[in-house]
Amino acid sequence: EAQVTQNPRYLITVTGKKLTVTCSQNMNHEYMSWYRQDPGLGLRQIYYSMNVEVTDKGDVPEGYKVSRKEKRNFPLILESPSPNQTSLYFCASSLKQGANTGELFFGEGSRLTVL
Amino acid sequence: AQSVTQLGSHVSVSEGALVLLRCNYSSSVPPYLFWYVQYPNQGLQLLLKYTTGATLVKGINGFEAEFKKSETSFHLTKPSAHMSDAAEYFCAVSRSGGSYIPTFGRGTSLIVHP
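Protein chains in written order, with the numbering used here: chain W, 18 to 132; chain P, -9 to 104.
Quick caveat, the hints were computed from the structure, so don't treat them as lab data.
Certain hints may be false.
What the hints assert, rightly or not - Calculated pairs, SDA-like style, for lysine to any residue (alpha carbon to alpha carbon, straight line, at most 25 Å):
1. W:Lys74 to W:Leu36
2. W:Lys113 to P:Ser18
3. W:Lys74 to P:Thr45
4. P:Lys58 to P:Tyr90
5. W:Lys113 to P:Thr42
6. W:Lys113 to P:Ala44
7. W:Lys74 to P:Arg96
8. P:Lys48 to W:Lys88
9. W:Lys113 to P:Lys48
10. W:Lys86 to P:Gln(-8)
11. P:Lys39 to W:Thr22
12. P:Lys48 to W:Ala19
13. W:Lys113 to P:Leu36
14. P:Lys39 to W:Leu36
15. P:Lys58 to W:Leu105
16. W:Lys113 to P:Thr41
17. W:Lys113 to W:Thr30
18. W:Lys113 to P:Arg96
19. P:Lys68 to W:Asn68
20. W:Lys34 to W:Leu112
21. P:Lys39 to W:Lys86
22. W:Lys88 to W:Asn68
23. W:Lys88 to P:Thr42
24. W:Lys113 to P:Lys68
25. W:Lys34 to P:Lys39
26. P:Lys39 to W:Ala19
27. W:Lys113 to P:Leu38
28. W:Lys113 to P:Gly49
29. W:Lys88 to P:Gln35
30. P:Lys59 to P:Ser4
31. P:Lys39 to W:Glu47
Small disclaimer: the values here were computed from a predicted structure and weren't measured.
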């Protein structure tokens, strides 16, 4: 089954404790991206990757890191989480070219609470 | 640059009534347009999309949207709302400026009353 898998789905942590949210897709997609969803603000892009070893900042990259060492994985790293990073996070992937360009496949989300 | 405006953060309808969710976009090139739906506690899934060709696009669960270039709109409609349609709906545009990275609207929460 084609899917984007995120882990963990739910996490409560404390300020400053490094954490990683993993994302994996099995569709051989070139493009992967991280979003955060906050009430009233919709989806905001954090980072994206056009292919292996190619990453770029989105609209709200501060406080986050990513890496793309393999095509299928795109982890989101919070080196020193703060309460303002409490949010619902989504990973998404897509083919870069073709008629489906721009159509994203989303994971089920990771709800992060930073105390 | 491309952008999306969804009018109304919340839309409330009665079961059986017409659903109309509004989306206006700006794009410097012919856009690709999408509607995504997010059911409670789930990720977003594609409802329908317009890339080229017929401007009236049909999607899943009886939804459809019409691309109107002159109005720069891509409104989502459904003739008769069902309780299961209650969800968050996002409009998105891509393909502007040579980039296929989509830009999302802020979302519209559809509330369906019995």
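Status of each hint after checking the structure:
| no. | hint | result |
| --- | --- | --- |
| 1 | W:Lys74 to W:Leu36 | 19 Å, holds |
| 2 | W:Lys113 to P:Ser18 | 20 Å, holds |
| 3 | W:Lys74 to P:Thr45 | 33 Å, violated |
| 4 | P:Lys58 to P:Tyr90 | 21 Å, holds |
| 5 | W:Lys113 to P:Thr42 | 17 Å, holds |
| 6 | W:Lys113 to P:Ala44 | 23 Å, holds |
| 7 | W:Lys74 to P:Arg96 | 20 Å, holds |
| 8 | P:Lys48 to W:Lys88 | 33 Å, violated |
| 9 | W:Lys113 to P:Lys48 | 24 Å, holds |
| 10 | W:Lys86 to P:Gln(-8) | 30 Å, violated |
| 11 | P:Lys39 to W:Thr22 | 23 Å, holds |
| 12 | P:Lys48 to W:Ala19 | 23 Å, holds |
| 13 | W:Lys113 to P:Leu36 | 17 Å, holds |
| 14 | P:Lys39 to W:Leu36 | 36 Å, violated |
| 15 | P:Lys58 to W:Leu105 | 33 Å, violated |
| 16 | W:Lys113 to P:Thr41 | 15 Å, holds |
| 17 | W:Lys113 to W:Thr30 | 35 Å, violated |
| 18 | W:Lys113 to P:Arg96 | 24 Å, holds |
| 19 | P:Lys68 to W:Asn68 | 38 Å, violated |
| 20 | W:Lys34 to W:Leu112 | 34 Å, violated |
| 21 | P:Lys39 to W:Lys86 | 31 Å, violated |
| 22 | W:Lys88 to W:Asn68 | 7 Å, holds |
| 23 | W:Lys88 to P:Thr42 | 29 Å, violated |
| 24 | W:Lys113 to P:Lys68 | 31 Å, violated |
| 25 | W:Lys34 to P:Lys39 | 41 Å, violated |
| 26 | P:Lys39 to W:Ala19 | 19 Å, holds |
| 27 | W:Lys113 to P:Leu38 | 19 Å, holds |
| 28 | W:Lys113 to P:Gly49 | 22 Å, holds |
| 29 | W:Lys88 to P:Gln35 | 22 Å, holds |
| 30 | P:Lys59 to P:Ser4 | 30 Å, violated |
| 31 | P:Lys39 to W:Glu47 | 20 Å, holds |
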